[in-house]
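These two chains come separately, so use the hints to put the complex back together.
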Amino acid sequence: MSILETQALTRRFGELTAVDALTISVEIGEVFGLLGPNGAGKTTTLKMLTTLLPPTSGDARVAGFDIVHHAADVRRVIGYVPQLLSADGALAGYENLLIFAKLYNISRAERESRIHASLAFMGLADVAHKLVRDYSGGMIRRLEIAQSMLHRPPVLFLDEPTVGLDPLARNAVWQRIEQLRADYGTTIVLTTHLMEEADSLCNRVAIMHQGKVAAIGTPAQLKASIGGNGVTLDDVFVHYAGDTLESGGGYRETSRTRRTARRLG
Amino acid sequence: MRLRERDAPRAVSVNLALPRPANPVAAVVQFVSKTLVIAELEARKLRHDPTDLITRAVQPALWLLVFGEVFTQTRAIPTGGLPYLDFMAPGILAQSVLFIAIFYGIAIIWERDLGIVHKLLASPTPRTALVLGKALSASVRGVSQMVIIYALAFLLGVQIDWNPLALVGAFATVILGAAFFSTLSLIIAALVKTRERFLGIGQVLTMPLFFASNAIYPVAIMPAWLQVIAHVNPLTYEVDALRTLMLNGGVSAFGLALDFGILLAATALLVIIGGQLYPRVAT
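In the order they appear, the protein sequences are chains A and B.
For the first sequence, this note's numbering begins at 501 and goes up steadily by one.
For the second sequence, this note's numbering begins at 121 and goes up steadily by one.
So here's chain B without its partners, still in its complex pose (with noise of 0.2 Å):
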């Protein structure tokens, strides 16, 4: 089949000053608007098939519904005065968004067994943009189950503290957490490479980081060993966060300044290794 006579390539005046960001000011925005692209994708996803988050928020409801109504009645753990379901439900919340973010990197290697990550990757996209892209896709995840926590925790009689400024805190609490986790994920992702071999480092990973935290009982009351981990793990500081924003009455054992700034630490410091290793997705 022939579809054209074969000519000689003709010569073509090709432009090629395409446009570049001139100053650190642009290369900012463009970071910034870059990485909301990224997260744009994913908010357009679920907007076209949202049942992922009706079936996500199963987990936590059965865990609110059972594990706090019974819990509530043993009055077993020392909660400082809150009521125990008013106590784990911020601990439900950091383990929902735990769980979602946990495992996105099961997308980002489903991404690479097709050839997104390829395009993205060729495409004149920071690579700390796309890793920080990334997280806040998750973050969006996130956001979905902190609007179903917070209204079945409110169905339950928890005493939600609906100040304006808690519930921003809380939004960015779960967003940072959904961030942190995420990229941890797509770090394992990016160097185990393989779906399997993922999935049983992410199941390996979710249980330590959720019983060695302060999600369901106060760390005060564990075995010394433990407490430490439970100190490096920063669903500690995300569950603290929450208990204090989400909760008429919460009070933060490590103070919201540590709190956060440990948790935007420990993103910036995982998105800027992800974009180094994010790369090797593609080879």
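Here chain A stands alone, though its shape is the one from the complex (with noise of 0.2 Å):
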């Protein structure tokens, strides 16, 4: 059963055209990720189903509901790790958490134990009173992760989850990822151009390219398409999206990446 479709999903702007008459289906409990170069419409994408962005045209239902009639509906069932550092630096860990708890109508009575409890699955409990602008990228993507599914959506989106973190932060984002669809059967969405990430992560994945999906499939899927042996996610990301060398991105992106990645760095 599906939890999330798109129809002719299309975003221009201006004369170009970023998400290009997109038609996927995402499965319940699923981690569908998109894969692309710069530039490939992931975020686009990401950015109209959370409803941050109207598309120009076609149609996309995220747990059934509309995302530009129903869009109210649609803020209530998702959950929204954007990109960019979105946890607030000047405030403490555990308060980042209370001010969305409050925001996503989590009741008093359950405040308490949800943020504390979701404090201590994302192995933050000793830093909950410190201020998020000391705490390491890693530990700030966990904040983020956990800010999102405080309401338990049932649809989770991760936009470029482990972006500017070292490796050992980003096993520790992957295995909490992993865990809250475990613990919640979450269909978690998300964005990246690190093929290990789609590997070891991704039930399926889409590889957009101008935004379009030149191929979709499970990984091992995808790597038996171009065939031979020891063929990586990485071969089959090359030869579905390689024929441009530099897509996308522009000074004023490539700026606002690096500042992320050094503020989470």
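To be clear, the hints were calculated from the coordinates, so they are not data collected in a lab.
The C-beta atom is built at its ideal place from N, Cα and C for all residues, glycine as well.
Wrong hints could be hidden among the right ones.
[Claimed, not checked] Listed next, with one range per pair, are the computed distances between beta-carbon atoms: (1) B:ALA163 x A:GLU610: 49 to 57 Å; (2) B:LEU376 x A:PRO554: 40 to 48 Å; (3) A:GLU696 x B:ARG315: 33 to 41 Å; (4) A:LYS630 x B:VAL371: 50 to 58 Å; (5) B:LEU311 x A:ASN671: 40 to 48 Å.
See below:
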């Protein structure tokens, strides 16, 4: 049973078609990866699915709600961790969670126990009352994921969840994502350009290229599709998306990404 | 690295029926409580790091101490019988609140450059509650200025009206004034989107707003064309209300009802416009 469906979902920015008639379907409980080079349309897709950006045409349903006509309902049933730093550094970790617990209508009775459980789950109980600006990059990411899971959303969107993290911090984040899926059956849609991340986390991946799905399937299927022994997902990526050297990015985006990486790193 | 066996997605029952406001009353309660949560966020930040409040107090202190003391000597400005320092103290309070509020958009752009705005916009919080919450956040800062300027003015011998009702009135005026100008700032931020352009516009706006108002001289001594501008400038009504409420024997030029009416209506209008424009910040 699918919990997320898009039908010819399209977004244009002037001349540029960032997402071009995207049609995908994600099953309940699946970890679904959107892969692609910078500018392939991954983040734009996520922004539409999280109701931050209206589509130019086409439609999509998340947990049964239309992203345009029932945007407010969509927002109640999703969690979202943006690519950019989204925890507030001037507040303690506990306070970051408290504010979002309130915004997500978690009853006063349940608030404290959920916050403490998620701090413990993310390994942040010791630093709960320290300012987030003193956290490491991996701790910030885990806090952000905790923030987006407080209301136990059936669908969680993660935009490049491990960008700028070292391998240890990355593993810690991956384990928590795994655990969320196992504990709550959360459907997770994530974007990444780390093949290793897609390979170890995702049940299925869609490789996006210039706003379109170039290939879709389980990592094993995709590897098999280009044949040969010892094929890695990297090879698949290059095969489907490798014909452009430099796509997208641009000065503003680069400066933002680097800033995020610096803060997280 | 393999964290687990790749099993087929399990069929899990997912609770989609998360609580949702059922009736208009509940919706209003939610709107108000969400607005206050956004303001609470700001208050918590200030509690962690109040240094900004102190540095912000330097400028109004200089205005009162230097400009105020000098012009008190000249008696060049008709103040309707008030000592000049008394006359200008509410104007400086309004100015201080204006300066804090009008650059509030910078914080919005900053939060946009991070992902905080995106996360707020993807949460089930009404857009207008986000905007009004941000406005009240500026009010929190404005009220802190009120405390400092009241204390300073008192020390300089300004005849302050300590009547609790007058204090509550001044408090409300400061909250409204900060809310109005910070929402104006948020709207500008949503339109221009970059720090550089925003700073330029902020600077171009601030001085005319301040000087085309009754903050440091009465509207009556202005040339006719400037009087017209002063009369459509909400800062004029904010100052008028503060002058009435802050000073012993303060007299309103326009009447408190008109002052509050204009401030309330203008703020409400901007919050509604801001609610429409705020989502643009994330795109």
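Consistency of the hints with the structure:
1. B:ALA163 x A:GLU610: 49 to 57 Å: violated (23 Å)
2. B:LEU376 x A:PRO554: 40 to 48 Å: holds (43 Å)
3. A:GLU696 x B:ARG315: 33 to 41 Å: Holds, since A:GLU696 and B:ARG315 (Cβ atoms, about 36 Å apart) stay within the stated range.
4. A:LYS630 x B:VAL371: 50 to 58 Å: holds (52 Å)
5. B:LEU311 x A:ASN671: 40 to 48 Å: Roughly 43 Å apart at Cβ, these two residues keep to the hinted range, so it holds.
In summary, the one numbered hint that this structure violates is 1.
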